[in-house]
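Chains A and B supply the protein sequences, listed in that same order.
At position 7 of the first sequence (counting the first as 1) the number is 7 in this note's numbering, and the numbers step up by one without a gap.
At position 157 of the second sequence (counting the first as 1) the number is 1157 in this note's numbering, and the numbers step up by one without a gap.
To be clear, the hints were calculated from the coordinates, so they are not data collected in a lab.
No residue lacks a Cβ here, since even glycine has one placed at the ideal position from N, Cα and C.
All clues given are correct.
Here are some of the chain A residues that sit facing chain B, going by a computed Cβ distance under 10 Å: (1) Ala40; (2) Leu54; (3) Ala58; (4) Thr65; (5) Leu78; (6) Met88; (7) Met90; (8) Trp100; (9) Tyr102; (10) Phe103; (11) Cys108; (12) Leu138; (13) Thr139; (14) Ala147; (15) His185; (16) Val188.
Here are some chain B residues the structure puts well away from chain A; computed CB gaps all over 10 Å: (17) Gly1006; (18) Ala1015; (19) Gln1045; (20) Val1077; (21) Thr1090; (22) Val1209; (23) Lys1211; (24) Ser1214.
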Amino acid sequence: MIDIAGLIAENIIYLLLITLGGVLISVSVHFVPVGGAPAAMAQACGIGTGTVQLAAGAGLTGLVTAGAMMGVTDNILLVLASGTVGAMIMITVTMIVANWVYFYGVGCPAASAKVKYDPITKDRQDLYISQGTEGHALTTVSFISGAIGAGFGGMGGGLVYYALLKIGEVAAGLTVKDIMSTTGHELVGLASIFAVGIFFMNAVIPSYNIGGTIEGFHDPKFKRWPRAALTSLVVTFLCAILAVVTLGGM
Amino acid sequence: MDPLIGMGALALMGAAATIAGASEDLESDIGSQSNPNSQVQLAPQMSYPHRIYNKAISGEPPSNALMCAIGGTVAYVMLNFNLSAVLALTIGSLVAAMVHGTYATTAYMGRCSSQKRFKQMVYLDVLRSHTPPIMGYSFITTFTILVVSYIMVTVFAHPFPLPLLAFIWGITVGAIGSSTGDVHYGAEREFQDEEFGSGLNTANSGKIVRKAESGLRSSMDNSWFCAKFGGPVTGIAFGMTVFLSSWITVVFDPAKSVAAGWESVIVGTLIILVLVVYNRKMEVSARKAFGPYKEDKEEAA
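Given only the sequences and the hints, what does the whole structure look like? Please build it.
Structure, rendered in structure tokens:
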């Protein structure tokens, strides 16, 4: 019989770290400028795909880089920084290439319909919107917002993975080095799958706030983030308890 | 690890990822998956029945993740039986392509037959001629992603298991394909009769082009068109993502010292800053090239 209360008390710091990671992921999604299907037809400003899809794509790339870093060091700051940078590289590359397609393949400039002037570059927006659309491509403010969002997402994913692996490590009486020296250790598999699950769950919650399209931190919908953060706090905490019992009870 | 071997393996990974990105985008164009599918689905309702292959199995990232996870799992099991890596990855990809072909067929039949009331036909010749290329592209995507994941596990000693890495790269390639190459198909190819250089006017939604360069347009023509720009740039995007995110830790190996780990983070940040500046330059040049679409009423007044 597993002593659940004892396990939770023992791993309370990691429990809180997982919850914090979940909240970070949930907030990060609000930064990512997604335009959904309309953006794919150059009908709305943003990246032409779904909220969860893009946030997950970027954040999970961060998880891969954070996982690689965790394989060689258990310095938490380095693991988090590596997750952040990995996710940011993925999203900036994607946004650059998306802008190539908008500028050179479709032939329309970047324009946002939510603001009259770009808050960062002060460029006029409304004159550059083609008829019958809500803007197109990615303006500088959306680009920077997307990079920040992916960074937070990668950091959150890295944090969740770090905490999960630490829980397993304590339970198995091993150090990270021991775990990494055996290829395909079951703890790594379990921790990474839990991290992916927690990531997806927290990427889905904000999509109810966003409702298909958001342009970044200058979008009025961005102000709704506290609601998603609160929901994520509760849901991730419950998930974290489950994770502690599963990984700690191994 | 010898840095030269590391760089060689990294180059191979980047090349495989570039092919994966390009084939993923062309697979989604030929099957009309992802966001531009909304127009293909809407067209019959606007009295525009068509011969475009209509399969939106799911969003692109989950669909590619499924394919790659199936391929990765089969390959992983076979590798555990000490089969050669080439055979294991090939058979894994083959199984994934067959599963994907099954989904594509049922999606096409289901989607088209549900639109009977809008006089949309189920074209069996379209099904017969388009499903094999879809499976072919999905085979290439799965195989190349498995190559990337296999190199990460064996050469770079990534701690994640092979199927999970394949799953994650599947999600990423789908997210990139859906954000970049699909725009070329959705905003340009589907509405080629509209004037070049504008987004899709909402009033024209669903009025997709149904005539090809010769005869009636099928999804093969769309794949041909997108292979000129949308597909290759998607490949570049995914190749760059895989290459750059690994390059920084191969050159500045964190296994050697913590300081090298921080150097890799700094170099990664520098790459991001360069991309931000490049994007700004490109935005300004596009604004100049295409000019304002409307007159400034405030100034005129």
